[in-house]
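Enquirer: Now for the letters of each chain:
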Amino acid sequence: AQSVTQLGSHVSVSEGALVLLRCNYSSSVPPYLFWYVQYPNQGLQLLLKYTSAATLVKGINGFEAEFKKSETSFHLTKPSAHMSDAAEYFCAVTPVSGSARQLTFGSGTQLTVLP
Amino acid sequence: KAGVTQTPRYLIKTRGQQVTLSCSPISGHRSVSWYQQTPGQGLQFLFEYFSETQRNKGNFPGRFSGRQFSNSRSEMNVSTLELGDSALYLCASTPGASGTGIKETQYFGPGTRLLVL
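These protein sequence lines are chains A and B, in that order. According to our numbering, the residues represented by the first sequence are 1450 to 1564, in order. According to our numbering, the residues represented by the second sequence are 6 to 122, in order.
Heads up, a few of these hints could be off.
Stated by the list, open to error - Below, computed lysine-lysine pairings styled on PhoX-like, alpha-carbon distance capped at 25 Å:
no. : chain 1 : residue 1 : chain 2 : residue 2
1   : A       : LYS1517   : A       : LYS1507
2   : B       : LYS108    : A       : LYS1517
3   : B       : LYS108    : A       : LYS1518
4   : A       : LYS1507   : A       : LYS1518
5   : B       : LYS108    : A       : LYS1507
6   : B       : LYS62     : B       : LYS108
Quick caveat, the hints were computed from the structure, so don't treat them as lab data. Note that the coordinates shown come from a computational prediction; the quantities given were computed from them, not determined experimentally.
With these hints in hand, go ahead and build the complete structure from the sequences.
Expert: Shown next as structure tokens:
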């Protein structure tokens, strides 16, 4: 079964610093990959997704992620953190069947932005 | 366009009871997926309904069931509640018609927080 591993359950950065959230997938066949964000007491919001069209994917709110097959990674980055970026971030993958409506999520990374 | 709505937002039940949660998708969306979110197990897929039929199912016991109505609203039911069923239950909707749905964006509701005592 497909799975994703998010390294670091908590990440703290200073406002204006680079944000790097790590995600590695386990699959012999490159899957579809997603990053979602969850703000307190809210549902999940899609930040971006990899669908094999391009390895560098740009998303909303200045986030981007690069798919690296050789490293089986799909890390999320943002050049300059903002206080409003504080939230929990989830990496997700489709199953072998490929249905994007049946996602397998990582354990999440809580991002704290320090003033 | 109104987003995905879930009712109720909060619920307290006792062990052994049953509970029904409701999800109204975005207008025009025909696929509804349900997820359970707990601190221990994280986010786990429960099932997906499309046009009143269950299309995909996760690895949950039969106590968890769902259905979808002709207006695409969906309900999930948990019978014989256990303490471990305490969780945030999220639903998500997509148009649903395309095969893998990869070209669609899944929109999540705010969730129903269930506490089992």
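Enquirer: Against each hint, give a clear statement of whether it holds in the structure.
Expert: Structure-based check of all given hints:
1. A:LYS1517 with A:LYS1507: Distance of about 15 Å is within 25 Å: holds.
2. B:LYS108 with A:LYS1517: holds, 21 Å
3. B:LYS108 with A:LYS1518: Distance ~21 Å between B:LYS108 and A:LYS1518 Cα, so the pair holds.
4. A:LYS1507 with A:LYS1518: Status holds; Cα separation ~18 Å.
5. B:LYS108 with A:LYS1507: holds, 15 Å
6. B:LYS62 with B:LYS108: holds, 21 Å
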